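Just so you know, the protein sequences line up as chains A and B, in that order. If you read the first sequence in this note's numbering, its first letter stands for residue 28, the second for the next number, and so on. If you read the second sequence in this note's numbering, its first letter stands for residue 28, the second for the next number, and so on.
No wet-lab data here; the hints were simulated from the structure. In this text the structure is predicted, and so the values were computed from the model without any measurement. Any given hint might turn out to be false.
For identical chains, the list gives no copy identity; a pair is met inside one copy or between any two copies.
In the SDA-like style, the derived pairs of lysine to any residue whose C-alpha atoms are separated by at most 25 Å in a straight line are [to be verified]: (1) 29 to 114; (2) 199 to 62; (3) 70 to 303; (4) 29 to 131; (5) 291 to 40; (6) 199 to 299; (7) 29 to 247; (8) 291 to 112; (9) 291 to 52.
These are the residues of each chain, in order.
Protein chains: 2
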Amino acid sequence: MKPIELTRQARPVTTTVDAINERGEIVPTPIAGEHPLTVYLDKRELVTLMTLGDAPEHLALGWLRNQRILGSIDAIAAVQVDWETDSVAITSRSLRDRGVSIWDLGADTPLSQGLDERMRHRTVTTGCGQGTVFGDLMDDIDALRLPAGPIITDTTLMAVMDQVRKMESIYKVAGAVHGCALLANTDPDPGPRMLRFVEDVGRHNAVDAIAGWMWLEGIDGTDKIFYTTGRLTSEMVIKCAQMGIAVLLSRSGLTGMGHAIAQKTGITLIGRCQGRHYLLFTGAQRFVRHGLER
Amino acid sequence: MKPIELTRQARPVTTTVDAINERGEIVPTPIAGEHPLTVYLDKRELVTLMTLGDAPEHLALGWLRNQRILGSIDAIAAVQVDWETDSVAITSRSLRDRGVSIWDLGADTPLSQGLDERMRHRTVTTGCGQGTVFGDLMDDIDALRLPAGPIITDTTLMAVMDQVRKMESIYKVAGAVHGCALLANTDPDPGPRMLRFVEDVGRHNAVDAIAGWMWLEGIDGTDKIFYTTGRLTSEMVIKCAQMGIAVLLSRSGLTGMGHAIAQKTGITLIGRCQGRHYLLFTGAQRFVRHGLER
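Required output: the full structure, derived from the provided sequences and hints.
So, in structure tokens, the structure goes:
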């Protein structure tokens, strides 16, 4: 199979504007970029995402994946971002190789099976700020179960926190972004390894960009650790569960529904990770506490 | 005209779950609620919002307003939240008084003019985490201009910050929520007056809930101050501009597009409001700095 054609069209992540502080001084201040990115699949417009634009190809792929519009990356031939038109064109192998749009494949082909149905659900359940994946996904939560087993220790947790502290570059400079990280869990030696770190103006974008990268690289989530600076709402937990990631860490808190879904799917959810502190909320069977030097 | 029938179905804002801290101790921890709320307008399903559920009636109204699905609250007869079905049914006066659904009114009636068109735009431009109002709204930014004039002083700004600091109750208890406040700007005496404070798991929900409340109460935004704990992204600034609010304060930062829209519409945008510090980004013509005692 031919490789996927991929542009690499990252936008500059910050611009600097003048602000006036409380002393009346002019302060040049870096602020995070925000750009519309309209996603097309075989020329059909699907959505406009507002993004930092640092990983637009991965974002578009991950969005398609986490919305479950396409079940496999094998269906995709090209992902082409064009900031002149603020758009990303995703071309299916069907269109490229056979000249047949993915939308025109018979309903009985594996590729397009349920495509229209998923699109319909997407549009009616899409929310402002949340909810894009909510619709029929909640019905499928029962089918999602992450494998058990002790796969994270407090030593690893602290090592993860140390690593991500060093990584939050755009946030440190300009604020107004959330960061997500994917780490390989190789406790105790040599410790967790940062595979991917993405920041975006929306925490959902950051997790989608990681999902797209995992899809491209063929990386399985099962033995990985996911970290986010943002809150663990239902949508964040559902997306991670879909990606097969069993260990979620957040510097922030969680919501009742995030908690409930983590419990139901068997995810180990650790929130309020700050300094040496943390709160283990669910999935204790997967966590080993050695008790850290203080 | 008959008043609007309104339920008052707030959900409990927090629940308490057990967590295990770094010392292995069990810590009962309050977490914020998160509930799906599906919005129906004359029985047609529009969207599912994920919300704290503290002001669901106002949220649904404000969502309809800020999505510009309805241009006037006069079209609405009832807003009925039912948590048994996680839904809110909005009934038009047309349906209640004449038995004709708003969706079946002729395209030439003022009420339904452009309704389908707006719905179509909404669905294709709805994004994950952002973008619901983006579509044709950006085209209308040129038409939005907030009136000028010096309407906020640094003394008022500090008084606002003092007031909101005392108000962030759910955040203080459970985190994982954003707060938005609307204040009357009556500088210098008796100082700003808190009109409304709303917290929600999404900052877009919080601003929508304030928009819905303003609609219900007939409150104009022109002479008001809007405060949010969240970032000022494009969508937040657009919503405030639509509500006619010329002064936006945030404890957090802003994005490039938030900045650009504030500049274009003439909004006074002040970010990084923390303690005695702030950064005035746009709309300096509306800001008077007395220079504060330090």
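### Message
Could you work out which of the previously given hints the structure breaks and list their numbers from low to high?
### Response
Failing hint: just 3.
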